[in-house]
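Produce the complete structure using the sequences and hints provided.
Line order of the protein sequences matches chains A and B. For what it's worth, the working numbering labels the leading residue of the first sequence as 1, then goes sequentially. For what it's worth, the working numbering labels the leading residue of the second sequence as 136, then goes sequentially.
No wet-lab data here; the hints were simulated from the structure. Since the structure is predicted, the reported quantities are computational estimates derived from the model, not experimental observations. All the given hints hold, so there is nothing to weed out.
The calculated DMTMM-like cross-link candidates involving lysine to aspartate or glutamate, where the alpha carbons are at most 25 Å apart (straight line), are:
#1 A/Lys50 <-> A/Glu70
#2 B/Lys167 <-> B/Asp226
#3 B/Lys185 <-> A/Asp108
#4 A/Lys50 <-> B/Asp243
#5 A/Lys32 <-> A/Asp108
#6 A/Lys50 <-> A/Glu24
#7 B/Lys185 <-> A/Asp83
#8 B/Lys185 <-> B/Glu205
#9 A/Lys50 <-> B/Asp218
Protein chains: 2
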Amino acid sequence: MNIGRHLIIECQGQHAHLSEKELERLLVSAAKAGSASVLQAYFHPFGTGKGITGVVLLAESHMTVHTWPEHNYAAFDVFMCGDCRPLRAADVITSACAGAVTSVQAIDRGLPFNAMTLSADFPTYHTQFDPLYVG
Amino acid sequence: MNIGRHLIIECQGQHAHLSEKELERLLVSAAKAGSASVLQAYFHPFGTGKGITGVVLLAESHMTVHTWPEHNYAAFDVFMCGDCRPLRAADVITSACAGAVTSVQAIDRGLPFNAMTLSADFPTYHTQFDPLYVG
Numbered sequence: 001m002n003i004g005r006h007l008i009i010e011c012q013g014q015h016a017h018l019s020e021k022e023l024e025r026l027l028v029s030a031a032k033a034g035s036a037s038v039l040q041a042y043f044h045p046f047g048t049g050k051g052i053t054g055v056v057l058l059a060e061s062h063m064t065v066h067t068w069p070e071h072n073y074a075a076f077d078v079f080m081c082g083d084c085r086p087l088r089a090a091d092v093i094t095s096a097c098a099g100a101v102t103s104v105q106a107i108d109r110g111l112p113f114n115a116m117t118l119s120a121d122f123p124t125y126h127t128q129f130d131p132l133y134v135g
Numbered sequence: 136m137n138i139g140r141h142l143i144i145e146c147q148g149q150h151a152h153l154s155e156k157e158l159e160r161l162l163v164s165a166a167k168a169g170s171a172s173v174l175q176a177y178f179h180p181f182g183t184g185k186g187i188t189g190v191v192l193l194a195e196s197h198m199t200v201h202t203w204p205e206h207n208y209a210a211f212d213v214f215m216c217g218d219c220r221p222l223r224a225a226d227v228i229t230s231a232c233a234g235a236v237t238s239v240q241a242i243d244r245g246l247p248f249n250a251m252t253l254s255a256d257f258p259t260y261h262t263q264f265d266p267l268y269v270g
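Following this line, the structure appears as structure tokens:
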């Protein structure tokens, strides 16, 4: 029984330097692209030059972002259940900043418990991992 | 550069039937066990007999839960950066309900991008996956 797909999205580049408002707009756009409904959005900036942490709670699970501008790194996740299209949401996120190096890994949530896989159907600009993990 | 550890936690059993308040108490306890600081907690119940979705945003990233009582299934994740102890938080979550079947997978977030691994240092009651993924 597959409940939904949980995507782990890594971004190196400009994503790490987006403002609180830009990140909120990006995640809300991504939710829309994935056909998900936003219940609540909450973003917290840690101060000038520091990172931002945020969550968009969905009727179909959640999306989060945490940024480390000092490391040029942003960590996203997208978990959508039901008939949503989480990979479309991920595509909005990874393509938001030109020149970013991005990676998407997917885990199918539900029963029986599933191990992590790469999203083979995802655009080719994401980083490839060790083939051991491709499954 | 390792930023933090992101745990994917699957639970089959009583976790799926906890109330909104019980889930909030559980996640706040787990945050404390992991030495993390709660910024905001938001929980949304979908109605009698239906699931609950919730997030605890941390100064050190986030924890979420989504339950499907009709499937006896609850999906958690714990992402903690810095000096936090996410496996201690996971231990609080997985041990909260007697008889539950649980699984914890870990991904180390940061640069370079890392693939998913099992948490070899986690208690033995979690489900084992295909050894291909143990790394």
